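Protein chains in written order, with the numbering used here: chain A, 1 to 355; chain B, 1001 to 1283; chain C, 2001 to 2292.
Simulated from the structure, these hints should not be mistaken for laboratory data. Given the structure is predicted, the values throughout are model-derived calculations rather than measurements. Beta carbons are placed, not taken as given, at the ideal position from N, Cα and C, and that holds for glycine. A couple of the hints might just be wrong.
Unchecked claim - Here are the computed lysine to aspartate or glutamate pairs in the EDC-like style, where the Cα-Cα straight-line distance is at most 16 Å: (1) Lys1153/B x Asp1167/B; (2) Lys2032/C x Asp129/A; (3) Lys194/A x Asp176/A; (4) Lys2286/C x Glu2129/C; (5) Lys2286/C x Asp129/A; (6) Lys1260/B x Glu1274/B.
Unchecked claim - Some residues of chain C that are not near chain A, with every Cβ distance over 10 Å (derived): (7) Trp2139; (8) Ile2159; (9) Pro2212; (10) Ala2270.
Unchecked claim - Here are a few chain A residues that sit away from chain C, every Cβ distance over 12 Å (derived from the structure): (11) Glu42; (12) Leu175; (13) Leu327.
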Amino acid sequence: MNKIKHLSVTRKIDYATYAGVILAFAAVTILQRLDMVSRSMEGMLIPICCYVVMAVSLNLTVGILGELSLGHAGFMSVGAFSGVIAAMSLRDMLPSEPLRLAVSMVVGALFAVVASFVVGIPVLRLRGDYLAIVTLAFGEIIKEIMNCLIVGFDSKGLHIALNISGTVTIDSLGLDETGYAIIKGAQGATGTDKIATFTAGFILVMITLVVVLNLVRSRAGRAILAIRDNRIAAESVGINITKYKMMAFVTSAALAGAAGTLYGLNYSNMAAAKFDFNTSILVLVFVVLGGLGRIWGSVIAAVVLYVLPEALREFADYRMLVYAIVLILVMLATNTPAVRSMVGKMIPRRSKGGA
Amino acid sequence: MAKRFSPETKMVPFPSNAIVPERDMDSRPILEARNLGIDFGGLTAVEDFNVVVGRTEICGLIGPNGAGKTTVFNLLTKVYQPTRGTILLDGRDTYGMNTSQVSSAGIARTFQNIRLFDNLTVEDNVKLGLHNEIKYGMLGGILRMPGYWKQEKIAHQRALELLSIFDMQDMADQKAGSLPYGAQRRLEIVRALGTNPSLLLLDEPAAGMNPSETAELMENIIKIRDMFQIAIMLIEHDMNLVMGICEGIAVLNFGRIIAKGTPAEVQSNPAVIEAYLGKKKEG
Amino acid sequence: MEFLSYLISGISLGSIYAIIALGYTMVYGIAKMLNFAHGDVIMVGGYISFCVVTYLGLPGWLSVVVAMLVCTALGILIEGLAYKPLRQAPSLAVLITAIGVSYFLQNSALLIWGASPKVYTPIVSGQIEMFGGSLKISWVTVVTVVICFIIAVGLTSFISKSRMGKAMRACSEDKGAAQLMGINVNRTISTTFAIGSALAAVAGVLLCSFSPSLMPTTGSMPGIKAFTAAVFGGIGSIPGAFLGGILLGIIESLAKAYISTQLSNAILFAVLIIVLLVRPAGLLGKYVPEKV
């Protein structure tokens, strides 16, 4: 009896998460039809989807695998630029925009997977804060490499150069008259077709949720959770630590890559500097405030905290200051025993339903 | 449950070893450690460790605190890589294997300071023991393919079956970390059995138990051996338990085996008495 | 000769990283937290020194003293208000709080001093010419290296000899046991933050003298790099932080000169990764295996 009740709690939370996202999408779509969504809000819809995917995928690494990653924006960056290159190169071959967007997102995810393998092989051997600092280092390395990237496309195909000396520009590629620039070094992607849509964002969020939630509730997810709880015990029951760490890390990166593509195809201009350490931290804040391992928490935290600075717009210059203070106070409030017991008395205790 | 039983090689009795029970004499030993040793930064923790364990033997590893008993378990399971010596598991050299490969090869263990997956349920802990028995991949899990449903169902039943050895099937949904101490120790044994071992290492299974719990544990250890037809090696300070169920005992002091034999032999060995009680003053 | 001047410039930059890294490594050693706000204390130190010189017209050396005093107070304040209540909290909660503090300092600076860069006048000017003028070393470089050396030696003897230094080492090993031995753990941690922040102020002044442009984000990248330096040398180790800082400065300077300005940070971080792969606890760190 107890068994059925418990299982249904985790299941219920999963289904409620899906339902919540679907309802939110439906509500926003209806409001859009009725012309009741403000312009600034409309502009935030696709970025919100991207950051929800970023937060949920980072939660897989930080909350579920239990390894602190400070370079998640690096995978978003790889996904964004490879996706933009794919979308711009396939302009003539795939005139259908939704199809081109889908293909680009797959390309973005694949490149992020490759990057995460390169990063993961050395990084996942380290532990704790050492791992954190190395992911940070990789994030910065990816940013600087993307900053040097110069890509153009013409009738002969794709031209790629790395501006290592600081003197290479788009003209050095020698594009013919049909050619156009896709990425111009530090300036980043320019003149990108804005083919990202809110519907695509919604679909990506749903795919992310299905992948992460189903993964966690399967054999592989159990192994990943076991590594977080007790690495030595996990090894002692025959779990291949490296394999499952890598699995979580790569899955997380693939989703971040797809989110990056969606993000990149939402703006006509995008610089590599956008995906720096601060973006990684921003997403980490979503994950921690939403609750480690709690997927629905990441979804809500990403939406609320992305909209919050916009809502604080009337405070103008003070908004980031207010954001900082709110952040500190929330951390103090949720982690101080005195405050916790106070809140505990006000709200009747409820058993936690897991992720 | 398929046992890894290969009777083609007869047991070669190791010199100085006479503790393997007679019924196991006709088959290859499950474990043979030869001249096993490890140094920690110049300090020798274990040296010249030689034992042979029969296929269905219950044997004990005893000795004063700090003698290196847990280190031996860590060597056998490759938590530490041995500096010297060979470990043969069912005649197969485990050289170069890591902990998880040793587990797949057939050694399971429990820990002195309990190591459960505290935030997971009791059932999930056992299912993690069954990890390598459950056969479906990552994609099968994400896409919820038929294999997922079938295998998870089998794993669920198998987990409950294993829990029923200790009558713990009703606790399946509790968080492992919230179990009482004794139940946590028992759960560790169940989880270890899930890996389908041929040798089970128990590190102080009776620690913190009262005499009646210990008596029950003794029955259960024998029951497990009979049910699964496996060898069990245990570290224990409770001499009633050790002398009561072990067929062979090795006594470790300062990293070396100082005595080996049946419980009666070990108990009357002067070196053992000295190690435990100190040297008797002359006169 | 060209190489020598890049090397010297690298040692000078490295000395600044080393000073920051020393503070970082002390705080990490005792509080076991990634204090991302540390870099922003450097920035505050720079601004305070700038204000003292520009608005009060006081001499440069006095501005350093004022900056140190303000930053020390700031360090104690941050520790007491933001980190102390979180002593028992999970490390990620402390990390996020540190990030909050970092945002707070950056945005406060933005409100007070604005976003446009301030031009900082180096506290010492002039240069020494050697080899008939073919090698020029600025006095700032000399002062930086000397100060860094003094700090490293001073800190080492403070940590190993003084009562407070011993208390710090005890706390970093085991806070519970230290408390049982009668050490006031809270005061020890506060002192560590105070010293770390004072060092950050010195580093801030030297950093601004080295590259005289001051912005609210000035401290964050050097902060991260200095932390890298601390990890590079073996976090928690004073000689390690010193060595790591100097090496990092040299690598950065030479990479900029001979490989690529665009990729200098990438090269620097790549070296860090390689070092950690070979020595998982850094150059001078001690690898402690997990007890089973």
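*Would you mind confirming whether the straight-line C-alpha gap from Lys1260/B to Glu1274/B stays at or under 16 Å?*
Holds, because 15 Å separates the two Cα atoms, which is no more than 16 Å.
*Hint consistency between Lys1153/B and Asp1167/B [alpha-carbon to alpha-carbon, up to 16 Å]*: violated, 20 Å
*Does Leu175/A really sit off the interface, with its C-beta more than 12 Å from all C-beta atoms of chain C?*
About 22 Å separates Leu175/A from the closest Cβ of chain C, which puts it past 12 Å; holds.
*asked:* Check whether the Cα positions of Lys2286/C and Glu2129/C lie no farther apart than 16 Å.
replied: violated, 43 Å
*Evaluate the condition: distance from the CB of Ala2270/C to the nearest CB of chain A exceeds 10 Å.*
Per Cβ check, Ala2270/C is inside 10 Å of chain A; nearest 6 Å; violated.
*Minimum Cβ distance from Pro2212/C to chain A greater than 10 Å, as the annotation requires*: holds, 22 Å
*Sort out whether Asp129/A lies within 16 Å of Lys2032/C, counting only the CA atoms.*
holds, 9 Å
*Please confirm whether Ile2159/C is truly not at the interface, meaning its C-beta sits more than 10 Å away from all C-beta atoms of chain A.*
The claim stands: Ile2159/C keeps its Cβ more than 10 Å from every Cβ of chain A (closest is about 21 Å).
*Classify the label on Trp2139/C as holds or violated, using whether its beta-carbon is more than 10 Å from each beta-carbon of chain A.*
holds, 30 Å
*Is Glu42/A truly not at the interface, in the sense that its beta carbon sits beyond 12 Å from all beta carbons of chain C?*
holds, 27 Å
_Please verify that the nearest CB of chain C lies beyond 12 Å from Leu327/A's CB._
Per Cβ check, Leu327/A is inside 12 Å of chain C; nearest 4 Å; violated.
*For the pair supplied as a hint, Lys194/A and Asp176/A, is the alpha-carbon distance within the 16 Å limit?*
violated, 24 Å
Comparing the model with each numbered hint stated earlier shows that hints 1, 3, 4, 10 and 13 do not hold.
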